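A.B. asks: This is what each chain is made of:
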Amino acid sequence: MSPPTREDGAPLLALEKLGTWFRTDRGPVKAVDGVDLVVRAGESVGVVGESGSGKSVTMLSVMRLVPTPPAEHKGRVLWKGEEVFGWSARRVRKFRGRECAMIFQDPMTSLNPYLKIGLQLTESIELHLGLDHLAARERAAEMLARVGIPSPAQRLDDYPHQFSGGMRQRVMIAMALSCDPQLLVADEPTTALDVTIQAQILELIDAQRKASGTGLVLITHSLGVVAGMCDRTVVMYAGRVVEEGTTRTVFAQPRMPYTVGLLHSVPRLDVVTERLVPVPGSPPDPQRLPSGCPFRVRCPWAEERCAAERPELREVQGPGEDVHRIACHVDVTRTPPRSDVAAGVPA
Amino acid sequence: MSESDVVLDVRDLVVHFPVERGVFFRREVGRVRAVDGISFALRRGETLGLVGESGCGKSTTARAIIRLVDPTAGSILFRGFELSEMDEVDLRHDVRRHLQMIFQDPYASLDPRMTVERLVGEPLTNYGVAKGAALRERVADLLELVGLSRRHMDRYPHEFSGGQRQRIGIARALALDPELVLCDEPVSALDVSIQAQVVNLLQDLQERLGLTYLFIAHDLAVVRHISDRVAVMYLGRIVEVAPAEEIYRLPLHPYTVALLSAIPIPDPEVQRARRRIVLTGEIPSPTQVYRGCRFADRCPVKIARCHEEDPPLVEHRPGHAAACWVTGPDGPPAAPSR
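So the protein lines, in turn, are chains A and B.
Just so you know, the numbering used here puts 179 at position 179 of the first sequence, and the rest follows in order with no gaps.
Just so you know, the numbering used here puts 166 at position 166 of the second sequence, and the rest follows in order with no gaps.
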């Protein structure tokens with residue numbers, strides 16, 4: 001596979017300064033705070049971040065799945081140039097499932113336990129593809145076969161509890177791909193599964209999306225999953241994109257101190273390390289974000305400027321023509337880190 | 001290794017849970033064979049990692065050792081006591097203070113209505129080790145030991161982050177100066193950037209206090225990093241035991257080979273060049289009774305014998321054993337490409 005080195009093609013999805021704020025008694029919580037992101041047709045983008053970094057809320061906002069109120073949106077989301085936040089409920093229904101489909105983390109809570117999976121699969125097929133019930137059942141069985149479920153025609157009449165966790169996730173993938181969407185959003189699709197099942201599911205998503213030319217946004221906290229699956233990597237922290245680039249660039253030459261820290265803090269199977277280098281401190285409280293750069297209180301490179309001024313995402317020189325953007329004032333390739341940031345001592 | 005070096009000796013441990021049916025006449029209709037005959041020994045100061053997927057019996061093993069569940073058969077020797085035969089009073093009197101556990105979920109394992117001082121001090125009070133000002137002093141020392149401060153003593157668990165809560169759990173486990181600490185997925189509920197902090201803390205404490213760890217986790221990369229030896233479990237059995245540095249380089253059991261190949265490595269160049277062995281099928285039900293090898297149904301290199309006879313754990317290299325009929329000192333034959 002050849003990852004795109006330049007940004008070619010018209011964007012399928014474009015987020016422009018997307019913000020999703022939740023109103024609370026103690027002021028707004030900026031779960032997503034000015035995210036710029038472009039996804040092109042057929043490309044796979046990995047969004048990595050820890051819990052609370054805003055990676056899920058970003059994509060839920062795109063799907064118009066964040067109720068407003070209590071949330072309010074800022075900025076714009078463009079789907080092939082159309083403004084998503086301006087859409088009618090009818091237009092949103094066409095978008096969801098038909099144009100852009102989503103797979104969630106927990107296949108048990110995203111399937112209705114009272115309905116046979118055949119009914120859950122055919123519902124969207126009938127709605128979006130306009131097939132009659134029999135043809136839709138045929139299509140559903142075909143989709144189940146595609147995701148590797150044995151005797152698919154019979155399994156249509158089973159309930160979700162009759163499937164194992166891995167099989168349920170296969171059903172979700174079949175459902176998501178059943179109307180040939182142009183973009184698939186997978187939110188931690190394998191986090192609830194065991195590693196050997198995770199490998200099966202990731203391979204399945206990858207093969208299916210390549211076969212149909214579907215774009216992918218993969219939301220995950222696992223750097224390893226992104227390394228193997230995605231053309232581009234987007235790192236989020238405290239509701240913002242802090243680093244973005246081709247996967248090989250971000251992993252080989254991370255330039256944002258948070259990404260640098262994350263990559264050093266996970267033990268690797270193939271490399272023996274005597275001691276891990278943790279990222280000091282804890283993830284921030286979204287209600288009490290520090291001024292300027294939200295990572296500065298944990299950052300070994302932080303300068304005075306980092307407290308005063310919020311760093312905007314800027315382009316940096318990557319190897320060759322690879323795209324590489326970071327939200328950081330410091331050039332970590334030139335400046336040595338300060339050693340006095342107390343590792344792991346909570347405030 | 002001399003006998004006195006062995007802190008914990010587990011032999012042929014079996015933990016079965018009966019599956020019952022019927023409202024008035026409850027009868028056993030099957031058994032969940034959570035742990036089905038495992039043996040291992042822990043030497044003083046070492047870390048034995050126990051890995052496997054959900055349902056393989058790794059947590060049940062720890063719970064049986066500390067007697068949160070009762071073993072069905074087998075022997076657990078600790079400090080000269082046969083734990084499997086002791087009653088609750090004797091356990092509390094002679095054993096529990098030397099044998100502690102760190103739990104997975106730092107949100108569920110700390111009582112939300114207790115202050116940090118009470119949480120960490122409770123074991124000390126229960127065993128009458130300290131009270132009053134001495135108790136407060138000892139709690140402060142423990143908090144500092146785990147990287148917290150005495151300022152935190154009067155706070156409640158909800159005021160802390162996940163990583164800090166896990167530190168409180170560790171301080172509580174260490175309050176009575178235990179010999180052996182069972183760590184049951186101690187970092188898997190924590191954010192990625194916090195995991196390394198807790199792993200490093202556990203390593204420092206081991207060095208300072210001479211602790212022995214049984215480290216249970218599903219993340220083989222973390223287990224390999226912290227352990228001296230690694231035992232891989234599958235469906236209630238240990239299928240491979242190896243020195244940590246050898247398990248990635250030379251896995252002997254086909255399941256270990258597949259498990260290792262399924263774990264993504266955070267390096268695009270390496271990850272994309274790797275040969276992945278994607279196992280077909282699912283982890284079978286632990287209620288099933290097996291004649292042969294439990295992994296045979298999913299094994300890419302099985303032979304006829306695997307379905308007939310249960311393979312014993314055999315040492316193929318120094319300190320490196322596997323329960324497999326087809327493997328040898330150089331590992332199992334290569335899986336056919338799909």
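Calculated directly from the structure, the hints in this document are not laboratory data.
Keep in mind that this is a model prediction, so the values were computed, not measured.
The reader is advised that the hints may include incorrect statements.
Claimed, not checked - Covered by chain B, according to a simulated footprint, are these stretches of chain A (three or more residues, beta-carbon under 8 Å):
{"id": "1", "stretch": "23–34"}
{"id": "2", "stretch": "192–198"}
{"id": "3", "stretch": "214–224"}
The C-beta atom is built at its ideal place from N, Cα and C for all residues, glycine as well.
A.B. asks: The structure should be examined with respect to each hint, and the outcome stated for every one.
C.D. replies: Hints versus structure:
Counting residues of the stretch 23–34 of chain A whose C-beta lies closer than 8 Å to any C-beta of chain B gives 0; at least three are required, and the coverage claim is violated. Against chain B, the stretch 192–198 of chain A contributes 5 residues with a C-beta closer than 8 Å to a partner C-beta. That satisfies the three-residue criterion, and the hint holds. Coverage of the stretch 214–224 of chain A by chain B holds [criterion: at least 3 residues with CB-CB distance below 8 Å; count 4].
When held up to the earlier numbered hints, the structure conflicts with hint 1 and nothing else.
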